[in-house]
Amino acid sequence: MLCKSYQNKNFYIGLIIIGLLSITFGAVFQQYIPENAHNLSMTAGMLSGIGAAFIAVGVIRLIKFKRSSPEKLKAEEIELKDERNIQILRATYSVVAAASILIFAILAFVFLVLDYIVPAWITIGCIYVEVIIFFIAYKIISLKM
Amino acid sequence: MQNRLEEIRNKLEINQEELAKELEVSRQTISSLENGRYNPSILLAFKIARYFKMSIEQIFIYEEE
Chain A
317 MLCKSYQNKN FYIGLIIIGL LSITFGAVFQ QYIPENAHNL SMTAGMLSGI
367 GAAFIAVGVI RLIKFKRSSP EKLKAEEIEL KDERNIQILR ATYSVVAAAS
417 ILIFAILAFV FLVLDYIVPA WITIGCIYVE VIIFFIAYKI ISLKM
Chain B
-8 MQNRLEEIRN KLEINQEELA KELEVSRQTI SSLENGRYNP SILLAFKIAR
42 YFKMSIEQIF IYEEE
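From first to last, the protein sequence lines stand for chains A and B. The opening position of the first sequence corresponds to residue 317 in this note's numbering, with each subsequent residue numbered one higher. The opening position of the second sequence corresponds to residue -8 in this note's numbering, with each subsequent residue numbered one higher.
No lab work stands behind these hints, which were simulated from the structure alone. Please read all numbers here as calculations on a predicted model, not as lab measurements. Treat the hints with care, since some could be wrong.
[What the hints assert, rightly or not] With beta-carbon atoms standing in for the labels, derived distance ranges:
#: 1; chain 1: B; residue 1: I33; chain 2: A; residue 2: Y454; range: 52 to 62 Å
#: 2; chain 1: A; residue 1: I404; chain 2: B; residue 2: Q(-7); range: 13 to 23 Å
#: 3; chain 1: A; residue 1: A369; chain 2: B; residue 2: E4; range: 47 to 57 Å
#: 4; chain 1: A; residue 1: I404; chain 2: B; residue 2: I33; range: 13 to 23 Å
#: 5; chain 1: A; residue 1: N326; chain 2: B; residue 2: S23; range: 32 to 42 Å
[Said to hold, decoys possible] Calculated lysine-lysine pairs in the DSS-like style (CA-CA distance at most 30 Å, straight line):
#: 6; chain 1: B; residue 1: K44; chain 2: B; residue 2: K2
#: 7; chain 1: A; residue 1: K397; chain 2: B; residue 2: K44
#: 8; chain 1: A; residue 1: K380; chain 2: A; residue 2: K460
#: 9; chain 1: B; residue 1: K2; chain 2: A; residue 2: K397
#: 10; chain 1: A; residue 1: K325; chain 2: A; residue 2: K397
#: 11; chain 1: A; residue 1: K325; chain 2: B; residue 2: K44
#: 12; chain 1: A; residue 1: K397; chain 2: B; residue 2: K12
#: 13; chain 1: A; residue 1: K380; chain 2: B; residue 2: K2
#: 14; chain 1: B; residue 1: K2; chain 2: A; residue 2: K390
#: 15; chain 1: B; residue 1: K12; chain 2: A; residue 2: K388
#: 16; chain 1: A; residue 1: K325; chain 2: A; residue 2: K382
Ideal placement from N, C-alpha and C gives every residue a C-beta, glycine not left out.
Kindly produce the complete structure, drawing on both the sequences and the hints.
If you want it as structure tokens, here you go:
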């Protein structure tokens, strides 16, 4: 799915549009935030930052599509669709997923030791969400195969 | 699983890059296949066999553990 999106121009046009909306929303949201609400101000800033990043990625990829030769694009497509590369990517994702659960578990302990009860609960919640996603994804994928 | 890919490729005087281009895979995949580090999917095995006009068994040697 990700491999297909990576070579699709419309995906990057969509990314630029989402980026523009995110920046606009961030800027407008900023106007209505009371001066002492720093957390909301930071959220608006984050939205603008994410929007700018989306626009940058979209524009760079579109320029690359325009400037790269068809041979180079074809070679890039082969690299993306290469079955060994896909297997490597999947194995890497699995390691990252397992590592993220471990990191969340360690973080939960750290937050508890520091007496940050709410962040600790959020982190434990994240572990449960990851486990639930695992079982749902497993069920859906096993139905497809 | 062992294979005769390198031997067949050398016999036909094709380099890894050319074979990779024909099979639409990366050169590293060809290299890994030849070294026995990677076993191809059934689709790629068919593609390779079809490219060399051979059967899969003539190229890939299945060893029971």
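Exercise for review: Starting from the hint list further up, note which numbers the structure goes against and sort them upward.
Suggested key: Hint check: 1, 8, 11, 13 fail, others pass.
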